[in-house]
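Construct all of the structure, not just a fragment, from the sequences and the given hints.
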Amino acid sequence: MPTVPTDFVPADIDATDFAQLEPLFQELLDREIGSASELEHWLVDRSELEAAFSEAQALLFIAMTCNTDDASASKAYESFVENVPPKVKPLVFRLDRKQKELAERFALDEHRYGVLNRDTAANVDLFRKENVPIETALSKLVQKYDTLCGAMTVEFDGQERTLPQMGVYQESTDRPVRERAWRAVASRRLQDAEAINEIYDEMIRRRDELARNAGFDNFTGYTFKAMHRFDYSPKECFDFHEACEKIVVPFARRLDEQRRERLGVEVLRPWDMAVDERGRPPLRPFDGGADLISKTRAAFSALDPRLSAMFERLGDGSGRVTPDNAMDPPSLDLDSRKGKAPGGYQYMRDRSRMPFIFMNAAGLHRDLETMVHEAGHAFHSMLCVDEPLVHYRESPIEFAEVASMSMELLTMRQWGEKDSFYGSSPEDHARAMRIQLETSITFLPWMATIDAFQHWVYANANHTRDERTAQWLELDERFGKGFSWEGLDAERAHSWQRQGHLFGHPFYYIEYGIAQLGSLQLWIRSLDEGPAVAIDAYMDALRLGGSRPLPELFAAAGLEFDFGPAIVERLVSRVEDELSKLPD
200 MPTVPTDFVP ADIDATDFAQ LEPLFQELLD REIGSASELE HWLVDRSELE
250 AAFSEAQALL FIAMTCNTDD ASASKAYESF VENVPPKVKP LVFRLDRKQK
300 ELAERFALDE HRYGVLNRDT AANVDLFRKE NVPIETALSK LVQKYDTLCG
350 AMTVEFDGQE RTLPQMGVYQ ESTDRPVRER AWRAVASRRL QDAEAINEIY
400 DEMIRRRDEL ARNAGFDNFT GYTFKAMHRF DYSPKECFDF HEACEKIVVP
450 FARRLDEQRR ERLGVEVLRP WDMAVDERGR PPLRPFDGGA DLISKTRAAF
500 SALDPRLSAM FERLGDGSGR VTPDNAMDPP SLDLDSRKGK APGGYQYMRD
550 RSRMPFIFMN AAGLHRDLET MVHEAGHAFH SMLCVDEPLV HYRESPIEFA
600 EVASMSMELL TMRQWGEKDS FYGSSPEDHA RAMRIQLETS ITFLPWMATI
650 DAFQHWVYAN ANHTRDERTA QWLELDERFG KGFSWEGLDA ERAHSWQRQG
700 HLFGHPFYYI EYGIAQLGSL QLWIRSLDEG PAVAIDAYMD ALRLGGSRPL
750 PELFAAAGLE FDFGPAIVER LVSRVEDELS KLPD
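Under the working numbering, think of the first position of the sequence shown as 200, with each following residue one higher.
None of these hints come from the bench; they were simulated from the model. Every value quoted in this text rests on a predicted model; they were computed, and no experiment measured them. Think of the CB as a built atom: it goes at the ideal place given N, C-alpha and C, for glycine as much as any other residue. Heads up, a few of these hints could be off.
[Said to hold, decoys possible] In silico lysine-lysine, DSS-like type, Cα no more than 27 Å apart, as pairs: (1) Lys780 - Lys617; (2) Lys339 - Lys286; (3) Lys343 - Lys274; (4) Lys274 - Lys286; (5) Lys445 - Lys680; (6) Lys274 - Lys328; (7) Lys537 - Lys343; (8) Lys297 - Lys286; (9) Lys445 - Lys434; (10) Lys680 - Lys780; (11) Lys328 - Lys339; (12) Lys328 - Lys297; (13) Lys537 - Lys274; (14) Lys434 - Lys424; (15) Lys288 - Lys339; (16) Lys537 - Lys339; (17) Lys445 - Lys328; (18) Lys328 - Lys286; (19) Lys434 - Lys680; (20) Lys339 - Lys424; (21) Lys299 - Lys288; (22) Lys297 - Lys424; (23) Lys288 - Lys343; (24) Lys780 - Lys537; (25) Lys343 - Lys286; (26) Lys274 - Lys297; (27) Lys328 - Lys299; (28) Lys274 - Lys288; (29) Lys328 - Lys288; (30) Lys445 - Lys288; (31) Lys445 - Lys299; (32) Lys286 - Lys299; (33) Lys617 - Lys680; (34) Lys424 - Lys286.
[What the hints assert, rightly or not] Ranges of calculated distance between the beta carbons of each label pair, as one might list FRET restraints: (35) Arg536 - Arg230: 43 to 49 Å; (36) His704 - Ala731: 30 to 36 Å; (37) Arg512 - Ala669: 46 to 52 Å; (38) Arg404 - Arg483: 42 to 48 Å; (39) Asp688 - Arg536: 41 to 47 Å; (40) Arg477 - Val584: 41 to 47 Å.
See the structure below:
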């Protein structure tokens, strides 16, 4: 099959304009295919058309999330969502149906095309014309949630600050300052709690309708098939929940009790969880986006020159997305500011084949983690850049997150390099490594909480808000941290609202748990067999993109695809051993 980009799609196409897309979709639908080689060429042409469409949507989404207060950017994205995907999706379904028929007629190499054929068949089975307007409405609801969150700021210490910027105060050694900052943020979130509840209520209703239209009893079964989860089921998710409850939660609460004793407080509170428990000043690994990039580059250079070379291609971190450059943006928009959507993401621009990284950096250690995490996603995209089929330039999310989470663990030692984050302070470097290792385990119960919450929400789509709150509180008792919520009933009841995945990416969270277990296995390989072995395995597996089933992707990196109690217990034990070797 062709191994270079096809010229089927004009270089200057405006893929936000359906009038320019429609003739190309129609040509693919009308084209006569008489051989396996002609089918392979047709697949590449289709891939490039969908890459152009995907990039057009990506650029509008990037412009909107970087500037949620820019009315023109929001209007452009909303207009696109309303007018283009609803017309494209029926054509994509017809292409899927044709592709499925052609795959049955011409026997292509099963090893090469098995995953593509399986996924395409699932898409054909799921498509319903009546669901297209529902999906459009859901996209607009996600935008509404992002806009609400992007507008959240607080007045603190005489200055308007974004919520990510307020994270700095949770590391203050002054407990009253931490409490005041925490309450300010929580109070601001509660101002929009009712509006966010309304958005989520509507999302649940529409997602349930979408699933029932496709013949499912609830959204859970629909979304497992839509996300191509062929290699595990809800049962394995529940096994993960149980492993977290029985193995990880006791470990996490032992750490919380140690924290309480070291802080010298009678009871831990929510504002006590990020401060250094020995009263040391907060870690400040960088100052601004450009410094973040410079120090990340130094870490990657020390770890592996191949990773460093890919990272260099992203730029120096000094730019940002503006209305003037939105159609050809820099690859990085890093610093937190008012009007920027919350969170962080990496978005591959499929036609130009360049990644984009979005962050809300505020100078915190967790921003370092986010940077190397999103860089891992970018590496994944870059290592698949020569893949002719856009479908295979993406991997299942469970393995895509191995690409990112592994970078958090594999770069830890390099954070102490001379020009990197903690090169001037071995003590700070040891603290940072301890934080990373502890978090790699203690974050697992939160992943279980969010996943279990979603399973309940969509299995009980007609629930009341009171019932939803009761379920959330029950899960927090089961998996939550060892601090007291006394006097903070409303804040606790609405704490799920800060998790954007619940709104924009339903059921996308168990992947982090699965991937964390894979990443820990790869990190252990680096300890036992050397970093070079681990990086070689990492890159070999990432180059496969999404061309193989999920267990084979894990196996390509020398990892077990398992997230039950046995492997969780083994990994927690190893992390405890490694923590015992670090200075306290």
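Each hint tested on the structure:
1. Simply put, Lys780 and Lys617 have alpha-carbon atoms about 22 Å apart, close enough for the 27 Å limit, and the pair holds.
2. For the hint linking Lys339 to Lys286, the alpha-carbon distance of about 16 Å falls within 27 Å, and the restraint holds.
3. The hinted pair formed by Lys343 and Lys274 meets the criterion: a straight-line CA distance of about 12 Å does not exceed 27 Å.
4. Among the hinted pairs, Lys274 with Lys286 is consistent with the structure: their alpha-carbon atoms are about 18 Å apart, no more than 27 Å.
5. Restraint check for Lys445 and Lys680: the C-alpha separation of about 14 Å stays at or below 27 Å, so the hint holds.
6. The hinted pair formed by Lys274 and Lys328 meets the criterion: a straight-line CA distance of about 25 Å does not exceed 27 Å.
7. Simply put, Lys537 and Lys343 have alpha-carbon atoms about 16 Å apart, close enough for the 27 Å limit, and the pair holds.
8. A threshold of 27 Å between alpha carbons decides the hint, and for Lys297 with Lys286 the separation of about 18 Å falls inside it, so the pair holds.
9. Distance hint between Lys445 and Lys434 is fulfilled; the C-alpha atoms sit about 17 Å from each other, no more than 27 Å.
10. As the CA atoms of Lys680 and Lys780 are separated by approximately 25 Å, the hinted pair is consistent with the 27 Å bound.
11. For the proposed pair Lys328 and Lys339, the alpha carbon gap of about 18 Å is at most 27 Å, so the pair holds.
12. For the proposed pair Lys328 and Lys297, the alpha carbon gap of about 17 Å is at most 27 Å, so the pair holds.
13. At roughly 19 Å between alpha-carbon atoms, Lys537 and Lys274 fall within 27 Å of each other, so this suggested pair holds.
14. Under the criterion of a C-alpha separation no larger than 27 Å, the hint pairing Lys434 with Lys424 is consistent with the structure, at around 15 Å.
15. In summary, the hint linking Lys288 to Lys339 is supported, as the alpha carbons are separated by about 16 Å, within the 27 Å threshold.
16. For a cut-off of 27 Å, the pair hint linking Lys537 to Lys339 stands: about 21 Å separates their Cα positions.
17. Of the supplied pair hints, the one linking Lys445 and Lys328 is violated, its CA atoms being roughly 45 Å apart against a limit of 27 Å.
18. With a C-alpha separation of about 10 Å, the suggested pair Lys328 and Lys286 falls inside the 27 Å cut-off, and the hint holds.
19. Distance hint between Lys434 and Lys680 is fulfilled; the C-alpha atoms sit about 25 Å from each other, no more than 27 Å.
20. The hinted pair formed by Lys339 and Lys424 meets the criterion: a straight-line CA distance of about 23 Å does not exceed 27 Å.
21. Annotation: proposed proximity of Lys299 to Lys288 holds, straight-line Cα distance about 16 Å (limit 27 Å).
22. Proximity of Lys297 to Lys424 is assessed by CA-CA distance (about 20 Å); at most 27 Å being required, the pair is judged to hold.
23. For the suggested pair Lys288 and Lys343, the alpha carbons sit about 22 Å apart, so the restraint of at most 27 Å is met.
24. Taken as a hint, the Lys780 and Lys537 pair is broken in the structure, with Cα atoms around 42 Å apart against an allowance of 27 Å.
25. With a CA separation close to 22 Å, the supplied pair Lys343 and Lys286 stays within the 27 Å bound.
26. Among the hinted pairs, Lys274 with Lys297 is inconsistent with the structure: their alpha-carbon atoms are about 35 Å apart, more than 27 Å.
27. As the CA atoms of Lys328 and Lys299 are separated by approximately 18 Å, the hinted pair is consistent with the 27 Å bound.
28. Of the pairs offered as hints, the one joining Lys274 and Lys288 holds, with about 21 Å between alpha carbons and a cut-off of 27 Å not exceeded.
29. Taken as a hint, the Lys328 and Lys288 pair is honoured in the structure, with Cα atoms around 8 Å apart against an allowance of 27 Å.
30. Among the hinted pairs, Lys445 with Lys288 is inconsistent with the structure: their alpha-carbon atoms are about 44 Å apart, more than 27 Å.
31. As the CA atoms of Lys445 and Lys299 are separated by approximately 45 Å, the hinted pair breaks the 27 Å bound.
32. Between Lys286 and Lys299 the CA atoms are separated by roughly 21 Å; this keeps the pair inside 27 Å, and the hint holds.
33. For the given pair, Lys617 sits about 36 Å from Lys680 by alpha-carbon distance, which is inconsistent with the 27 Å threshold.
34. At roughly 23 Å between alpha-carbon atoms, Lys424 and Lys286 fall within 27 Å of each other, so this suggested pair holds.
35. At roughly 48 Å, the beta carbons of Arg536 and Arg230 sit within the given window of 43 to 49 Å.
36. Restraint check, His704 to Ala731: a C-beta distance of roughly 35 Å satisfies the suggested window 30 to 36 Å.
37. Separation of Arg512 from Ala669 is about 49 Å and conforms to the stated range, judged on CB atoms against 46 to 52 Å.
38. The hint said 42 to 48 Å for the Cβ distance between Arg404 and Arg483, and at roughly 45 Å that hint holds.
39. The supplied range of 41 to 47 Å is broken by Asp688 and Arg536, whose beta-carbon atoms lie about 33 Å from each other.
40. Checked against the given bound of 41 to 47 Å, the beta carbons of Arg477 and Val584, roughly 45 Å apart, stay inside it.
Checked against the numbered hints listed earlier, the structure breaks hints 17, 24, 26, 30, 31, 33 and 39; every other hint is satisfied.
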